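**Student:** Chain by chain, the residues:
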Amino acid sequence: MKNLLPPLPRRVAVALALPVTLIAAWWITSADSQSFYFPPLQTILQTFGKLWFSPRGLSDVMPSLWRFSVGYLAAAFLGIVIGIPIGTSRNLRNVLEPVLEFLRAIPPPVLVPVLILFVGLGNEMKALVILFGCIWPVLLNTVAGVRALDEVLAETVRSYRIGGFARLWHFMLPGASPQIFTGLRQSLSIGIILMVISEMFAAKDGIGFVLVQYQRTFAIPEMWSGIIMLGIIGIVLSLIFRAIEAWLLGWYYGLRQSQRAG
Amino acid sequence: MDRAVKSMLEVKALRKVYDDASRTVEAIRDVSFSVGQGELVCIVGPSGAGKTTLLKCIAGLLAPTAGTVVVEGTPVIGPPPAMAVVFQEYGRSLFPWMTVHDNVALPLKQKKMTAERREELVRNALAAVDLKGVDTAYPWQLSGGMQQRVAIARAVAYEPHVLLMDEPFAAVDAQTRADLEDLIRVLWHRLRVTVLFVTHDIDESVYLGQRVLVMSHAPTVIMEDVAIDLPEERTQLETRSMARFGELRKHVYSQIQLAKQGWRPPFK
Amino acid sequence: MRARLTARTFIWLQGLAGLVGLALLLEIVPRIGIVSPDYLPPFSAIMVALFKEMMTAEFWTALSDTLEAWAIGLVISVVAGVVIGIAIGSSQLLRKLTHSTIEFLRPIPSVALIPLAVLLFGSQIQSTLVLVVYASFWPVLIQVLYGVQDVDPVARETARSYGLGAWAQIRYVTWPTTLPYLMTGIRLAAAVALILAITSEVAIDTQGLGKEISDTESGGAVPIMYAYVFVAGIIGVIVNLGARALERRVLAWHPSVRLDAAEAGA
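Protein sequences, first through last, are from chains A, B and C.
The working numbering puts the first residue of the first sequence at 1, with every later residue one more than the last.
The working numbering puts the first residue of the second sequence at 1, with every later residue one more than the last.
The working numbering puts the first residue of the third sequence at 1, with every later residue one more than the last.
Don't read these hints as lab results, they were simulated from the structure.
Keep in mind that this is a model prediction, so the values were computed, not measured.
Among the hints, erroneous ones may be present.
What the hints assert, rightly or not - Label-pair restraints from in silico Cβ distances:
#1 A:38 / C:16: 50 to 60 angstroms
#2 B:20 / C:253: 22 to 32 angstroms
#3 C:75 / A:74: 30 to 40 angstroms
#4 C:153 / B:127: 40 to 50 angstroms
#5 C:152 / A:239: 28 to 38 angstroms
#6 A:65 / C:158: 35 to 45 angstroms
#7 C:103 / A:89: 30 to 40 angstroms
#8 A:120 / C:153: 55 to 65 angstroms
#9 C:93 / A:239: 21 to 31 angstroms
#10 C:166 / A:124: 49 to 59 angstroms
#11 B:20 / C:219: 27 to 37 angstroms
#12 A:89 / C:75: 38 to 48 angstroms
#13 B:253 / C:92: 49 to 59 angstroms
#14 A:74 / B:20: 55 to 65 angstroms
Beta carbons: idealized from backbone N, C-alpha and C, even for Gly.
Chain A extracted, bound-state conformation (with noise of 0.2 angstroms):
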């Protein structure tokens, strides 16, 4: 296996050659701004460690976190163990796929005023929306994973009578995930979105929350790093994610770079 891989310091200057780039920009044309929309660089971050790195920063980064755990785990089980009799059953599909179609078709967003009906303003709303949203990009590609399960493998595994939670085990959930952990993918961005939207409406904490109220108090600083800190959310979890399914899908990269190979 060729390893032409330039060395690391270069490799680590050219990644961050324009981030850098691009942040000293920001700093210096911003440095001496009277805009009130736009203040200094200098001064957002300021505020941003004051703010973020307090007990009250926390306090508001938390919950936000906890909702979107729940609503995306609970997402994510619901997604593949729904998706997964769907994608094995032929008659099951043809029926429910339009109804899948229009019920994923649906902006998740919209379901807050229609979940605010049904279940108030609290946590359960926001973890719901979050469920609804995060739950259809799981689903769709589980049965998608399911139906593209190799033939002969599964042929091989009706020959070895393995059957039941076995063949689950070993077999469905293995071959399907590469195909899940796309939807989990997706659903991870939504996922983010809808905890922030359902946060925006009436709610007592959140970053979400805390967002609208700077907004609102023209707290402009505050507000940017509070742009820059769900940035950070953002990316932190993605890495989170990558780095799981690195570890859970090993077999995959190294399959694939087999047949590329081959």
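Fit chains B and C to the known structure of chain A by using the hints.
**Tutor:** Quick look at chains B and C alone, frame taken from chain A:
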């Protein structure tokens, strides 16, 4: 044939018709034969002869339209417990997310046995197919021949009474194929397992088998049941250069040619 | 004498049965009181409200407002995505330099920009456009980058040796390879753009279907609210199906090497 030998596998009047929305295809019209315990029987025929269909019906993976398959006295309605299948596409038949060791061990996990016994079977099976030091490798890291050996080891570890092989060496190179053919004969002798070996390679069928069943073109029937009276000890070099080998080979070959031209036994 | 159903017709019927089943469920559940009809009106009541709404000018204004924001935002994203994507993708240096920035900006949720958009533009369409463009730009860019990278180096060399300038190379070599990828990107972007358009209407109160939904909720006009939710779903389905149909047509007269990539985009 010695009728006193206990019959391991009996196929009676097997018929398979594929019937879907657009057309009806009679893949197998009438196939009947039996295989005694411990025999190695090859099935050979032109492409399109429904060999794989036949094998799948025997393996319980496909339901026949008519006729019966009886394994060890019990009719086959689904995959029978004492049977193992080795498929042609070894790459797709092994689990890519499991190591070689786990691939071989998986079918054993449903049989009641201790972990030690299972480990022993896996170890012995891998040694029997001449695979050393690949326990922790993934199938896609191995060559084609080695992958097929893993599939064979998995079948061997399962301790089946009947071993079905569906053109297992069609997708490997000639040298590897020769090695694997010999491996099958060795395993067959040692384990005393009944083997049904499907191939399109005439030489291979004569080299391996005690009998060769020649299939006709679809709708398939058996053209002939050729007894292979070559010595029990066979080697690639010597056996294939024997005169008798040449005769048998020519005989099977001419049957296949007849089959390709559409000739069929009378009343079939 | 029954006519023999073709397989396709049967599948259609099965799907229809599913939809009818859903409608029946929505009809019965509120009527027998599992859920209060105040929260979930029966399907028939929702349909009646829908038809009544469709007679009002307000409905069509809201619909066209949403579609306008969606379309403008989508066009901007696609054009920007193609131009920037081809520019970056054609140079290895640019690709390497921008890789980290793109991976950095991509996961940032577009809703993070809501406060900023509101401050700058209030509840006008520009706010919506900010969100729509930011969210739908990335799928297009990523796909175009994949496409440009997929260009056959032999083809490129040939074009260069014939003395084709940069513009001609793009037109005859890069573009045909990139087109299928672009179609996938447009399909993904179209869906995202619609979601963000309606999202911003719900959140920021810009004119459109989303605003109607949030207004009717706070006003207690529940059946009408559901009618608009239904319309939002239908529009979404039409956009999805339309984008997929477009993608298929473009890929039909294309050596469809990328058909599997298109399927993978789900």
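**Student:** Does each hint hold? Answer for all of them.
**Tutor:** Hints versus structure:
no.: 1; hint: A:38 / C:16: 50 to 60 angstroms; in the structure: holds, 54 angstroms
no.: 2; hint: B:20 / C:253: 22 to 32 angstroms; in the structure: holds, 30 angstroms
no.: 3; hint: C:75 / A:74: 30 to 40 angstroms; in the structure: holds, 37 angstroms
no.: 4; hint: C:153 / B:127: 40 to 50 angstroms; in the structure: holds, 47 angstroms
no.: 5; hint: C:152 / A:239: 28 to 38 angstroms; in the structure: holds, 34 angstroms
no.: 6; hint: A:65 / C:158: 35 to 45 angstroms; in the structure: violated, 53 angstroms
no.: 7; hint: C:103 / A:89: 30 to 40 angstroms; in the structure: holds, 39 angstroms
no.: 8; hint: A:120 / C:153: 55 to 65 angstroms; in the structure: holds, 60 angstroms
no.: 9; hint: C:93 / A:239: 21 to 31 angstroms; in the structure: holds, 26 angstroms
no.: 10; hint: C:166 / A:124: 49 to 59 angstroms; in the structure: holds, 57 angstroms
no.: 11; hint: B:20 / C:219: 27 to 37 angstroms; in the structure: violated, 56 angstroms
no.: 12; hint: A:89 / C:75: 38 to 48 angstroms; in the structure: holds, 41 angstroms
no.: 13; hint: B:253 / C:92: 49 to 59 angstroms; in the structure: holds, 58 angstroms
no.: 14; hint: A:74 / B:20: 55 to 65 angstroms; in the structure: violated, 41 angstroms
Violation of the numbered hints given earlier is confined to hints 6, 11, 14; the remaining hints are satisfied by the structure.
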